[in-house]
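Residue-level listing of the chains:
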Amino acid sequence: MESKAIRIKDLHKSFGNQKVLDGINLDIENGKITVIIGKSGGGKTVLLKHLIGLIKPDSGEIWVEGRDITKLRERELNEIRRKYGMLFQEAALFDSMNVYDNVAFPIREHTKTPEKEIELIVEAKLERVGLAGFGGKMPSELSGGMRKRVGLARAMVLDPEVILFDEPTSALDPIISLTILDLIKETQTYLKKTYVVISHDILGMFRIADTVALLADGKIVETGTPDEVRRSGNDVTMEFLNATKIPGFSLGGKS
Amino acid sequence: MIRHLVTRTDNFVREFGRLAIMFGKSIYWGVRKPFKLGYIFKQMEFIGVNSTAVVIITGTFTGMVLALQSYYGFRKFGAEGLVGATVALSMTRELGPVLTCLMVTGRAGSAMAAELGTMRVTEQIDALTVMALNPIKYLVTPRIIASFVMLPILTILSDFVGVFGGYVVGVKLLGINEGAFIDKMVKYVELGDIYNGLVKSAVFGIILSLVACYKGFYAQGGAKGVGKATTEAVVVSSVTILISDYILTSLMF
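Going down the list, the protein sequences come from chains A and B.
So for the first sequence, the working numbering puts the first residue at 182; every next one is plus one.
So for the second sequence, the working numbering puts the first residue at 430; every next one is plus one.
A few of these clues could be false.
DEER-style ranges, computed between Cβ atoms [claimed, not checked]:
{"hint": "1", "chain 1": "A", "residue 1": "409", "chain 2": "B", "residue 2": "447", "range": "31 to 39 Å"}
{"hint": "2", "chain 1": "A", "residue 1": "372", "chain 2": "B", "residue 2": "457", "range": "17 to 25 Å"}
{"hint": "3", "chain 1": "A", "residue 1": "352", "chain 2": "B", "residue 2": "474", "range": "54 to 62 Å"}
{"hint": "4", "chain 1": "A", "residue 1": "204", "chain 2": "B", "residue 2": "438", "range": "31 to 39 Å"}
{"hint": "5", "chain 1": "B", "residue 1": "474", "chain 2": "A", "residue 2": "204", "range": "47 to 55 Å"}
{"hint": "6", "chain 1": "A", "residue 1": "366", "chain 2": "B", "residue 2": "450", "range": "20 to 28 Å"}
{"hint": "7", "chain 1": "B", "residue 1": "438", "chain 2": "A", "residue 2": "372", "range": "52 to 60 Å"}
{"hint": "8", "chain 1": "A", "residue 1": "314", "chain 2": "B", "residue 2": "466", "range": "26 to 34 Å"}
{"hint": "9", "chain 1": "A", "residue 1": "372", "chain 2": "B", "residue 2": "447", "range": "35 to 43 Å"}
{"hint": "10", "chain 1": "B", "residue 1": "474", "chain 2": "A", "residue 2": "254", "range": "43 to 51 Å"}
{"hint": "11", "chain 1": "A", "residue 1": "428", "chain 2": "B", "residue 2": "446", "range": "56 to 64 Å"}
{"hint": "12", "chain 1": "B", "residue 1": "434", "chain 2": "A", "residue 2": "197", "range": "19 to 27 Å"}
{"hint": "13", "chain 1": "A", "residue 1": "428", "chain 2": "B", "residue 2": "435", "range": "41 to 49 Å"}
{"hint": "14", "chain 1": "B", "residue 1": "652", "chain 2": "A", "residue 2": "428", "range": "53 to 61 Å"}
Below, simulated DSSO-like cross-link-like pairs (lysine-lysine); rule was C-alpha separation at most 30 Å, straight line [stated by the list, open to error]:
{"hint": "15", "chain 1": "B", "residue 1": "462", "chain 2": "B", "residue 2": "601"}
{"hint": "16", "chain 1": "B", "residue 1": "657", "chain 2": "A", "residue 2": "264"}
{"hint": "17", "chain 1": "A", "residue 1": "318", "chain 2": "B", "residue 2": "566"}
{"hint": "18", "chain 1": "A", "residue 1": "237", "chain 2": "A", "residue 2": "426"}
{"hint": "19", "chain 1": "B", "residue 1": "657", "chain 2": "A", "residue 2": "297"}
{"hint": "20", "chain 1": "A", "residue 1": "264", "chain 2": "B", "residue 2": "465"}
{"hint": "21", "chain 1": "A", "residue 1": "185", "chain 2": "A", "residue 2": "297"}
{"hint": "22", "chain 1": "B", "residue 1": "454", "chain 2": "A", "residue 2": "293"}
{"hint": "23", "chain 1": "B", "residue 1": "566", "chain 2": "A", "residue 2": "200"}
{"hint": "24", "chain 1": "A", "residue 1": "297", "chain 2": "B", "residue 2": "462"}
{"hint": "25", "chain 1": "B", "residue 1": "601", "chain 2": "A", "residue 2": "237"}
{"hint": "26", "chain 1": "A", "residue 1": "264", "chain 2": "B", "residue 2": "462"}
These are computed hints drawn from the structure, not numbers from a lab.
Backbone N, C-alpha and C define an ideal beta-carbon position, used for all residues, glycine too.
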């Protein structure tokens, strides 16, 4: 298996006069958690949406399984998408369906699995995210954290190779955030799939990341393990890490 | 001034183009397997079955007021017997289809735009795309097919209750001779008049669902954007229905 799940090469994207991505180069390791951190409104979500073909770049390439997905037609892109799962910022559960139907939806639409088997799969996934027995609830009856957990169960239901996470801890209290982060780490350790997480929650992300990439001014200014990034002497990186207000969090070039 | 006009025209052409593309895609996905019959039936229930009460009330009172008004006019030259034919012709050719479609636009069109708009701003439409499922096939096509099928059925209902309302007011309240009322109606109203109205309502059904889905599908900017999309959906579909009503009527006259 190739060690890189996704290779991003010189990706550019502007909206009107605003340059959002200005030459992104990044390799996403297979079977690892890669976290892309950066300021709010810095283009993280835009970058994530490029990885699954929701947005087309102005220029640049994104290589997945030997194919540049920016050049693919919708039908070919869908073949790639079937190997992806995504947890959206607000979970994006279908509010016309209950939790069970939400999680079962991708299986019903993509496979001919008998309903009995679907039931077993859905129950197992809901149990994995700690929501066994919640199948009959409607999304509107759930808290933000619970919705994200259902979103994660739905993203995992077809056992995708890659799961993308858009701000998994935003708008959650610190304790629920921690539960979500543990869940991400736990499922990844168990499933060994490729996870790409974008967030501005520095501390939380350093807990779970195998690789951290820092996005600033439309470019990836730093990549490395959490330890390597903390030791970085790069001004932008140090400024970002110092924003945590934790003395000594940025080791600023010291080894 | 000229610049403003050019921008407006440019926007209009662009929007019209996107609308046409959406219509083309919804037909394309409508004829491709697997057919989403469950989704279509659900929409038929929402757009058609759930609109029956409002259509019955509107149709009945329109027929009743038509009988009253035309009686007032015809009485002046002793032609009260023509009230039945007038009510039936107005209902089947014009008011049945137009009022039904305008009421359904207000009831179901606004709901479609609001629902799709909310799905857009809460990323549910993106979620479908990410699952490698085409949102047009799941969200737009069923609504267009359901409207295309259900609006003519609702129009038949409206025609029927309108004529019945006219009958009650004309014969039972105003005392027009029952024989003359029915005889003139049968004599002057042809099957073609009814078909004419049904063709119009099918076209209006496509217009209202397409415009509502389009406005909702491309909504942006949170709750405010959804509100704007909903208002625009109702206004644009209603105006388009009235304009296309004139065009269709003059073509089929």
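Going down the list of hints, with the structure as the test:
Checking the proposed 31 to 39 Å range against residue 409 of chain A and residue 447 of chain B shows it is violated: the Cβ atoms sit about 47 Å from each other. In this structure, residue 372 of chain A and residue 457 of chain B break the distance hint of 17 to 25 Å, their C-beta atoms being roughly 37 Å apart. Checked against the given bound of 54 to 62 Å, the beta carbons of residue 352 of chain A and residue 474 of chain B, roughly 36 Å apart, lie outside it. Checked against the hint of 31 to 39 Å, the pair residue 204 of chain A and residue 438 of chain B passes, with Cβ atoms roughly 37 Å apart.
For the pair residue 474 of chain B and residue 204 of chain A, the beta carbons lie near 52 Å from each other, so the given range of 47 to 55 Å is met. A C-beta distance of roughly 44 Å is found between residue 366 of chain A and residue 450 of chain B, which places it outside the suggested range of 20 to 28 Å. At about 54 Å, the beta-carbon gap between residue 438 of chain B and residue 372 of chain A stays in the expected band of 52 to 60 Å. A hinted range of 26 to 34 Å for the beta carbons of residue 314 of chain A and residue 466 of chain B is consistent with their spacing of about 32 Å.
In this structure, residue 372 of chain A and residue 447 of chain B meet the distance hint of 35 to 43 Å, their C-beta atoms being roughly 40 Å apart. At roughly 35 Å, the beta-carbon separation of residue 474 of chain B and residue 254 of chain A lies outside the given 43 to 51 Å, and the hint is violated. As the Cβ distance of residue 428 of chain A to residue 446 of chain B is approximately 58 Å, the hint placing it in 56 to 64 Å holds. Take residue 434 of chain B and residue 197 of chain A: their Cβ atoms lie about 22 Å apart, and the range 19 to 27 Å holds.
Restraint check, residue 428 of chain A to residue 435 of chain B: a C-beta distance of roughly 59 Å breaks the suggested window 41 to 49 Å. Roughly 42 Å separates the CB atoms of residue 652 of chain B and residue 428 of chain A, a value that falls outside the hinted 53 to 61 Å. With a C-alpha separation of about 54 Å, the suggested pairing of residue 462 of chain B with residue 601 of chain B is violated against the 30 Å cut-off. Taking the CA atoms of residue 657 of chain B and residue 264 of chain A, the gap is near 36 Å; set against the 30 Å cutoff, the hint is violated.
Taken as a hint, the residue 318 of chain A and residue 566 of chain B pair is honoured in the structure, with Cα atoms around 27 Å apart against an allowance of 30 Å. Straight-line distance between C-alpha atoms of residue 237 of chain A and residue 426 of chain A comes to about 37 Å, which puts the hinted pair past the 30 Å bound. In summary, the hint linking residue 657 of chain B to residue 297 of chain A is not supported, as the alpha carbons are separated by about 44 Å, beyond the 30 Å threshold. This hinted pair checks out: residue 264 of chain A and residue 465 of chain B have alpha carbons roughly 23 Å apart, not beyond 30 Å.
A C-alpha spacing of about 37 Å is found between residue 185 of chain A and residue 297 of chain A, which places the hinted pair above 30 Å, so the restraint is violated. Distance restraint check for residue 454 of chain B and residue 293 of chain A: the Cα-Cα separation of roughly 26 Å lies within the 30 Å cut-off, and the hinted pair is therefore satisfied. With a CA separation close to 33 Å, the supplied pair residue 566 of chain B and residue 200 of chain A exceeds the 30 Å bound. The straight-line distance between the Cα atoms of residue 297 of chain A and residue 462 of chain B is roughly 25 Å, inside the 30 Å bound, and the hint therefore holds.
This hinted pair does not check out: residue 601 of chain B and residue 237 of chain A have alpha carbons roughly 68 Å apart, beyond 30 Å. Distance check on the hinted pair: residue 264 of chain A and residue 462 of chain B sit about 22 Å apart at the alpha-carbon level, within 30 Å; holds.
Of the numbered hints listed earlier, those contradicted by the structure are 1, 2, 3, 6, 10, 13, 14, 15, 16, 18, 19, 21, 23, 25.
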